[in-house]
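Since the structure of chain A is already known, use the hints to place chain B with the ligands on it.
Here is what each chain is made of, one letter per residue.
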Amino acid sequence: MSANPRIKTNPIGLTREDYKGGKSTLCPGCGHDSISNQIISMAFDLGLEQYKIIKLSGIGCSSKTPAYFLGRSHGFNAIHGRMPSVVTGATTANHSLTAIAVSGDGDTGSIGFGQYKHLLRRNVPMVYIIENNGVYGLTKGQFSATADQDQTLKYYGTNTLRPIDLALEAVIGGATFVARSFSGDAKQVEALMKAAVNHRGTAVIDIVSPCVTFNNEITSTKSYSYGKANEMPLHEIRYVAPGYVPEKEEIVIEDYDPNEVIEVELHGGAIVRLKKLGRDHDPRNKMQAIQALEDAERDGILITGLIYYEEPRPTLAETMHLTDTPLSALPAGKLRPSEDALKKVLASFR
Amino acid sequence: MCALNIGPSPRVKPADDGFIYNDFAFTVATKNGSGSQTSNNTLVYALFKMGIPVNGKNLFPSNIKGLPTWYTIRASKDGYTARKAVTEICIAFNQDTAAEDISKLPPGGVCILPSEWNWGHSREDVIYYEIPVKDLVKTVDINPDFRDRISNMVYVGAVAELFDIPQDKIYAALLDSFKGKTKPADMNMNVVKAAAEWARENLEKQDPYKFAPLNLNGDKIVITGNESAALGAIFGGVSVVAWYPITPSTSLVDAIMGYQYLRRDPDNGKETVAVIQAEDEIAAIGMLVGAGWAGARAMTSTSGPGISLMAEFTGLAYYAEIPLVIWDITRMGPSTGLPTRTSQGDLIFTYFLGHGDSRQLILLPGTVEECFEFGWRAFDIAEAQQTPVFVLSDLDIGMNNWMAEPFQYPSEPLNRGKVLNAEELQQHIEKFGTWGRYKDVDGDAVGYRTLPGTNHPRAAYFLRGTGHNEMAVYSERADDWVQNMQRLHRKFENARTLLPTPIEVWDKAAPKRIGIVTFGSNEDAIREARDWLAQDGVESDYLRVRGLPLHPDVAEFIASHEHVIVIENNFDGQLNQVINVDMEQRPPRKTSLTLGDSLPMTPEWVYEQVTAVVS
Ligand SMILES: Cc1ncc(C[n+]2csc(CCOP(=O)(O)OP(=O)(O)O)c2C)c(N)n1
Ligand code: SF4
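Listed in order, the protein sequences are those of chains A and B.
For the first sequence, the numbering used here gives the first residue as 2, with consecutive numbering after it.
For the second sequence, the numbering used here gives the first residue as 4, with consecutive numbering after it.
So that you can see chain B by itself, here it is in the shape it has in the complex:
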């Protein structure tokens, strides 16, 4: 079998028959807009249907058509689905980048490429499978208009044949892609079949990589973070969405519109969710501010540049205490830098967004399950705390397909917070002698609000960004200002324990020497790297932050470890900075490991970095 005597990564052990099953990765290099998305999704879904843990990641350019785009597919029998730094197989279907793509293959790697390029073999230590793409497509009876877009299905057929993906799984994946429509599925399948047949007859298997059914996926689903967030919002009772298009957040609102049918009033067929495409992000958040004030569950989704335009209104909403939800699907900054690449770089900006002394509550999902959960929970927190709630996701979670456990139906009823209707207001006044919008009657720093339209002569209050006292009456008195700010600060402090608690992997009675702290989408890469480190004898504890302000557990975790390593995917170590600001006592030793290279984190990077700092 293997023609070359150069093995894969030393961590991967071949089976008794010499083959390596379900533990390798592909890089698919194509031109953007060439239809490769369908081909790549088909491969991912077919592997998923074989029960093999799989993950696909798009590393695409900020362009609609023509520029190079890469897609990585990783299968892992051990359930590791982080992006691998080096992939064993390259499908080099973009002539402009092929030389570079091939150069990145490891020794013993595999390259699949169109034979019509007549490229010759640039590397001795790589196995080449050349396929006559153009000629093959011509043999299939399809409308010439579709030929170009469908030619990427050729590599799907070749991969299926070379690495053993059953054709029925490919077809099932295609049917999913085309929402059950057999016509386009059949047309694509015909190309897959022709390519598989050609490969069977003309290619000799020389590499050691194979897929075999694993049935590890149970009733898991494959979904993007943005779709999960949209579903979370739909099940969270979102009623007003105002937004302005920006990659990578657009697909979140697109998905909300796609699921609007779930919320159509069955009694009269009318909408219970309003979606307004605003003229810009300032207007989008202005609409949320108006809607949140008037009693809607209001949300938007945006990215860094949108967040910056929302600063003034966010500060007002914090100060005037208006609930609303803002999803930030973070991409690289500043402005439009690497707009379609992932990043965790908006943390600090968002945390302190607004003027003067405002600070914002932030939820930090790290998985698609959490995108769903925070999707509904964010409204409950916003309304209970009467404040904006940010959810910081990123392009990697948001726009890539992830395997997930089926989402749990919301475990708690909607929490609409302290809203008084006319009757309750009357009772409140009778009980306390008065009602003041910003009075802290319960000692939790949250006042009672009334909504516009409440039929009670004393329900109205005046909301403003200028100074006000507890009764919501205009005031420029310094003591009123300070009193209000102190209450807001108490409210913010209380939120530490109300936000989602961190994910923690450690034994408090016997902490390891090293504690790793992170947030968001780095989970998979760090989990795998921790396993590798453990194999080297470097044991570590783990904590993933899921909300800002930091939960008290974070401080405890940090204080309990001899060496804390904060790992994040931005350049400045922003979580590390927040920890520095937040923690009164500095831990004995803390190292900030930052990536910020626009790509999803890899276990290799984490392993190397941690090894370097601990040795």
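In isolation and in its complexed conformation, chain A is listed as follows:
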């Protein structure tokens, strides 16, 4: 908490500094660091209680970042690609926690691809941030599964394979919140994150985050300059804090004009307002979301913003009909049935 009145504090009396973590050990200029900064800003602005947050990751440069934000949250740097299962277990054990996880494109798109798809299918409530640089950073620059076809790298030659589009996979896989952004677009990243933490279900944000060391040739769609030049926002995004009373008529919109605003109401009353920027994109339309991603790939454009949104379906804990008290907080009396219950069961084996 700040004693200095000139230092801004948030609704729970903390300063932005209080949301920081350890010092980053990533290369200076790495896109991942700006994403960490936006997570810090988001949590500060929203006045999130850090003790209610768990931050997790797999392995990779990107996956190192949870050590650099929200220093007062429990953190877990799991194993390569298998963070989704750890989040699944943790949020099952305690469904009152807010999970924010960071992964890389190698982590998610290769070794962890299966877990990624199954996480989406289960609708594990969490924010899933992919720091997508089209390359393996931590193991020094191999192609990842999202690398552009025909791209060349110094040691590894030309990539002959088609890239996997992790946002498209998320839409198809059943995610209820899918966004794409660019690490250089701080404002948009932050707005998306605010919306994502308020979403009940898996919220995927695939953020192109240049690796300045191994993949920053201007020809790469994951380079900083390419991202800057080819970013094509689907809409302008504004996050409106909970408590805002939406005008119902505004939400139900069949078609809308270029300058029209659509609103997506999130769990807990928060609202994302999307101001259309010329493209006919309604994130509530799954086929449109898929089409937009396909078109963007064909045209080599980085479309950004909230690509797909679906009214949340029940989360994993809800489908399992778990107690309202988190499983991890159940008292002994709820964990062990009575001696009489044992006697009754045993009698059935006689």
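A portion of the hints provided could be inaccurate.
[Said to hold, decoys possible] As a list, the in silico EDC-like pairs of lysine to aspartate or glutamate whose alpha-carbon atoms are at most 16 Å apart: (1) A:Lys335 with B:Asp268; (2) A:Lys335 with B:Glu559; (3) A:Lys287 with A:Glu170; (4) A:Lys276 with A:Glu312; (5) A:Lys188 with A:Asp34; (6) B:Lys515 with B:Glu565; (7) B:Lys196 with B:Asp144; (8) A:Lys345 with B:Glu408; (9) B:Lys196 with B:Asp138; (10) A:Lys276 with A:Glu264; (11) B:Lys273 with A:Glu264; (12) A:Lys344 with B:Asp128; (13) A:Lys344 with B:Asp222; (14) A:Lys344 with B:Glu372; (15) B:Lys593 with B:Glu559; (16) A:Lys335 with B:Asp270; (17) A:Lys345 with B:Asp222; (18) A:Lys118 with B:Asp283; (19) A:Lys118 with B:Glu282; (20) B:Lys273 with A:Asp325; (21) B:Lys107 with B:Asp138; (22) B:Lys593 with B:Glu565; (23) B:Lys137 with B:Glu119; (24) B:Lys421 with B:Asp447; (25) B:Lys196 with B:Asp167; (26) B:Lys511 with B:Asp556; (27) B:Lys421 with B:Asp443; (28) A:Lys345 with B:Asp179; (29) A:Lys21 with A:Asp34.
Simulated from the structure, these hints should not be mistaken for laboratory data.
All values reported here derive from a predicted model rather than from experimental measurement.
Relative to chain A, chain B with the ligands alone:
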């Protein structure tokens, strides 16, 4: 009575009337999926209800329908329930294997088979009872759709009549099988009755085998190890189960789901146990790692191939000190080799699972009672020691029906280990000036942990597989690494005396010359073989290991015997290898007896092997 002048095993003595009561065994050969499971269970339960100690074992193929399957039933007035190498009676109901099945009968053995095969009698020294199975079933009024599945009840009726099992016991067993539903029980019983009646009128008893009520079973129960383990987990407060199907471990999780009702919150009808079918074993253990970290009692059950996929996460959990429980119902390996046959072959792999210097705590149940007890105790150990705990059972215990004493309600309250809530954390910090997740403040090598969600500004720590110091802060310093590894090693050493102590049968003041060491499901076969050896004048002491790392008593036992024989059901003598690694001083003489033939151990094998090495 006995038409043939060739007796049973010389150890079995006929009664004064010439009959042999309650001391013989059956092999039932059928086709998998033909409904024989119900028939076999009915026989086992009916004998159990007569108070006769009994054991049934499935020796089934890895197939759902059509391949040969064998079931052995052993009754023993002396309470020996190990599988017998040779069974006196064969119910040859699978034409494909009948010739071989009959060839395995001892002289004077009995064969029951369908008469419509027109087989003739291939052996002079075997008694044949032929039954017109197809025609008999036709005489009973049942839906033709059920006819095939129910025809195995014919041998139940014939056996009841020939060997004196009262029909009310058969019916009671059927009612149990069908969970009290009279309709299917009656339908099956009608076939049993018809077959018994036919046998009474058409067969002449020529063999010396008979059952007679014994009332030895008291308030014993009959249960499989996997069901026992599931009950243990339910009473142990399991709250997150993540698993991936694999025989022979699937029935454990199936049973947990079956008993979930015991744990439904009476206040609101909601579940206190989450069961998640994962996409594979890596995900299953990943979920446990997340759940154990967040404060759940997390467990899975799997078999060897699953264990191999769990290696990386297990190593992480060992190093990051996360409690979780893994049941390995061991089957033959490698990979999918003889998947539905039993083995004790995962011991070494599991003990050293993980990368670098990780080692794992293992519990080794040898009875269904222990499956229940270790079912709840494993969580207490895992949470107290903050580490994964493996429970190595096997297919024989897990999937076969065993007689057992009724399980003891857990004797100790749940031990949730060293977890600090916000208030306790505050007190801890005030007392010690600081809190470090991996600090050994009590000298027992176990630190205090906080759970995610603890409302205290200093509660959070960062958990990772990379190097860390006592404060859970990232560190690549060699001295931090070594210090941490030394603490983990101390923790592991301490566990020797915290795990279940060995079962020991010996007088420390006057040890016998021979000491037998084993683990797991070999108990019954060895007990019987030791009795036979004693009759030959070969006395022995006995120790059954129930946990790894080895309890200090094991070393003492080994050091105290002139000749130690380590008996196990795997090919490589894995317990023997662990003893070699663990014991500083080699005993004067140690012999490793290994089986590993995919079948439950028999007393005959133990007797022959031990006799050979001691003579
Ligand atoms: C099982 C396993 N295989 C391989 C590795 C080595 N490894 C560490 S990070 C990494 C790739 C990370 O790439 P990405 O997820 O794209 O993250 P980035 O470093 O680019 O941010 C690999 C292959 C590992 N840690 N574990
Ligand atoms: S190697 Fe690339 S991804 Fe890794 S820290 Fe450096 S710039 Fe970032």
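Hint by hint, here is what the structure shows:
1. Only pairs whose Cα atoms come within 16 Å are accepted, and Lys335 of chain A paired with Asp268 of chain B is accepted, the gap being roughly 7 Å.
2. The hinted pair formed by Lys335 of chain A and Glu559 of chain B fails the criterion: a straight-line CA distance of about 42 Å is larger than 16 Å.
3. Distance check on the hinted pair: Lys287 of chain A and Glu170 of chain A sit about 12 Å apart at the alpha-carbon level, within 16 Å; holds.
4. Distance check on the hinted pair: Lys276 of chain A and Glu312 of chain A sit about 19 Å apart at the alpha-carbon level, beyond 16 Å; violated.
5. Between Lys188 of chain A and Asp34 of chain A the alpha-carbon distance is near 15 Å, which keeps this suggested pair within the 16 Å criterion.
6. Between Lys515 of chain B and Glu565 of chain B the alpha-carbon distance is near 8 Å, which keeps this suggested pair within the 16 Å criterion.
7. Only pairs whose Cα atoms come within 16 Å are accepted, and Lys196 of chain B paired with Asp144 of chain B is accepted, the gap being roughly 12 Å.
8. Taken as a hint, the Lys345 of chain A and Glu408 of chain B pair is honoured in the structure, with Cα atoms around 14 Å apart against an allowance of 16 Å.
9. A hinted pair counts as satisfied when its Cα atoms are at most 16 Å apart, and Lys196 of chain B with Asp138 of chain B qualifies at roughly 14 Å.
10. Of the supplied pair hints, the one linking Lys276 of chain A and Glu264 of chain A holds, its CA atoms being roughly 9 Å apart against a limit of 16 Å.
11. Of the supplied pair hints, the one linking Lys273 of chain B and Glu264 of chain A is violated, its CA atoms being roughly 35 Å apart against a limit of 16 Å.
12. Our distance criterion of 16 Å between C-alpha atoms is broken by Lys344 of chain A and Asp128 of chain B, whose separation comes to about 49 Å.
13. For a cut-off of 16 Å, the pair hint linking Lys344 of chain A to Asp222 of chain B stands: about 11 Å separates their Cα positions.
14. Between Lys344 of chain A and Glu372 of chain B the alpha-carbon distance is near 14 Å, which keeps this suggested pair within the 16 Å criterion.
15. For the hint linking Lys593 of chain B to Glu559 of chain B, the alpha-carbon distance of about 14 Å falls within 16 Å, and the restraint holds.
16. Between Lys335 of chain A and Asp270 of chain B the alpha-carbon distance is near 10 Å, which keeps this suggested pair within the 16 Å criterion.
17. As the CA atoms of Lys345 of chain A and Asp222 of chain B are separated by approximately 13 Å, the hinted pair is consistent with the 16 Å bound.
18. Simply put, Lys118 of chain A and Asp283 of chain B have alpha-carbon atoms about 13 Å apart, close enough for the 16 Å limit, and the pair holds.
19. Restraint check for Lys118 of chain A and Glu282 of chain B: the C-alpha separation of about 10 Å stays at or below 16 Å, so the hint holds.
20. A distance of roughly 8 Å separates the Cα atoms of Lys273 of chain B and Asp325 of chain A; the hinted pair therefore holds under the 16 Å criterion.
21. At most 16 Å may separate the alpha-carbon atoms for a hinted pair to count; Lys107 of chain B and Asp138 of chain B exceed this at roughly 28 Å.
22. Between Lys593 of chain B and Glu565 of chain B the alpha-carbon distance is near 9 Å, which keeps this suggested pair within the 16 Å criterion.
23. For the proposed pair Lys137 of chain B and Glu119 of chain B, the alpha carbon gap of about 8 Å is at most 16 Å, so the pair holds.
24. The suggested pairing of Lys421 of chain B with Asp447 of chain B holds, with an alpha-carbon distance near 11 Å, which does not exceed 16 Å.
25. With a C-alpha separation of about 13 Å, the suggested pairing of Lys196 of chain B with Asp167 of chain B holds against the 16 Å cut-off.
26. The suggested pairing of Lys511 of chain B with Asp556 of chain B holds, with an alpha-carbon distance near 11 Å, which does not exceed 16 Å.
27. Between Lys421 of chain B and Asp443 of chain B the alpha-carbon distance is near 11 Å, which keeps this suggested pair within the 16 Å criterion.
28. At roughly 15 Å between alpha-carbon atoms, Lys345 of chain A and Asp179 of chain B fall within 16 Å of each other, so this suggested pair holds.
29. Restraint check for Lys21 of chain A and Asp34 of chain A: the C-alpha separation of about 12 Å stays at or below 16 Å, so the hint holds.
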